[in-house]
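K.L.:
Each residue of the sequence shown is one higher than the one before, counting from 4 in our numbering.
Read the hints as simulated data drawn from the structure, not as lab findings.
Because the structure is a prediction, the values reported are computed rather than measured.
Do not rely on the hints blindly, as some may be mistaken.
Capping the alpha-carbon separation at 20 angstroms, the derived lysine to aspartate or glutamate pairs in EDC-like fashion look like this [claimed, not checked]:
no.	residue 1	residue 2
1	K118	E178
2	K118	D261
3	K96	D148
4	K118	D148
5	K60	D261
6	K93	E178
7	K60	E178
8	K87	D148
9	K60	D244
10	K153	D261
11	K153	D244
12	K87	E99
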Amino acid sequence: MKSKLSMFLLLAPFSVIFAIFLLFPLVYGVVLSLSDQASRFSVLNYLNVLHDEIFGKALLNTLFYITGNIFLAILSLLIAILIKELNSEKLAKKYETLMIFPYVIPMVVTGIVFKYIFQPQIGLFSGLLRLLGLAQFSNVALLSDPFYAKVVITLVWIFVYTGYMVNIYYSSLREIPASYYEAASIDGSNWFQRMFQITIPLLSNIFVYTIVSGIILSFQIFPLIWILTGSGFGLGAGGPDNSTMSLDLYIYQTAFRDHNLYSASAMGVIMLAVTYLISLIPMKLVKEVNYV
4 MKSKLSMFLL LAPFSVIFAI FLLFPLVYGV VLSLSDQASR FSVLNYLNVL HDEIFGKALL
64 NTLFYITGNI FLAILSLLIA ILIKELNSEK LAKKYETLMI FPYVIPMVVT GIVFKYIFQP
124 QIGLFSGLLR LLGLAQFSNV ALLSDPFYAK VVITLVWIFV YTGYMVNIYY SSLREIPASY
184 YEAASIDGSN WFQRMFQITI PLLSNIFVYT IVSGIILSFQ IFPLIWILTG SGFGLGAGGP
244 DNSTMSLDLY IYQTAFRDHN LYSASAMGVI MLAVTYLISL IPMKLVKEVN YV
């Protein structure tokens, strides 16, 4: 009886926090999405959202940002393997600390820094192009181009989270027994064979975790888009012509700029469903590979 009471007391604070800050907002958001301004049941919010051209564009843009996860996962894994190949704990700790630095810096600060880097004519990127003899391209405003702006946002996002993912992979690599690699070497396996027959299969679950984490984080890219594409107070954020608009940014604008909590709630529910469905894909693929 005492053990059950102790368990209840330990779980009570978390349960209260979960109910207040996660469960209640979720339920309330679903209720709002199925209500009209007269508090009557209605699916009109969902119909309006599905016929909203900007919402469709924001969804496609978010899917574009999500595709950066594949590159992020592969890049992070390769960097983690290279760090482990150094076979020096001292150097590994230095690299880990250095690479996690962009992750711990507030994303707003990162956005401001990169906005100045990609400024035409005066930015660091333009200076680099001139140094390489490509002065004719130094005046191109990348953040004002519909396609290149999305590419820049994705690359900055990858820069922010690479260190975080590298640390996850490196920690997992250290858990793989050295005897596995020694036995494979004795059998005549080369580096690539050990990589694809030992390392990658044993890290398949971690790979899924990083992909799913990246998908969830892709739906929180709001600060980068706000800073990189917006002017003062976020004016013009998501531009040019909504070409970089993401779901989370559009939900924010609908709720707090347009004061339409009902449509914003419907968008939030759809975003939650899309996040869940996309997250199932890597899980399913890894299960099938492990089964085979």
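K.L.:
Confirm or reject each hint.
P.N.:
Hint check results:
no.	hint	result
1	K118 - E178	39 angstroms, violated
2	K118 - D261	27 angstroms, violated
3	K96 - D148	39 angstroms, violated
4	K118 - D148	14 angstroms, holds
5	K60 - D261	18 angstroms, holds
6	K93 - E178	18 angstroms, holds
7	K60 - E178	43 angstroms, violated
8	K87 - D148	39 angstroms, violated
9	K60 - D244	10 angstroms, holds
10	K153 - D261	25 angstroms, violated
11	K153 - D244	12 angstroms, holds
12	K87 - E99	11 angstroms, holds
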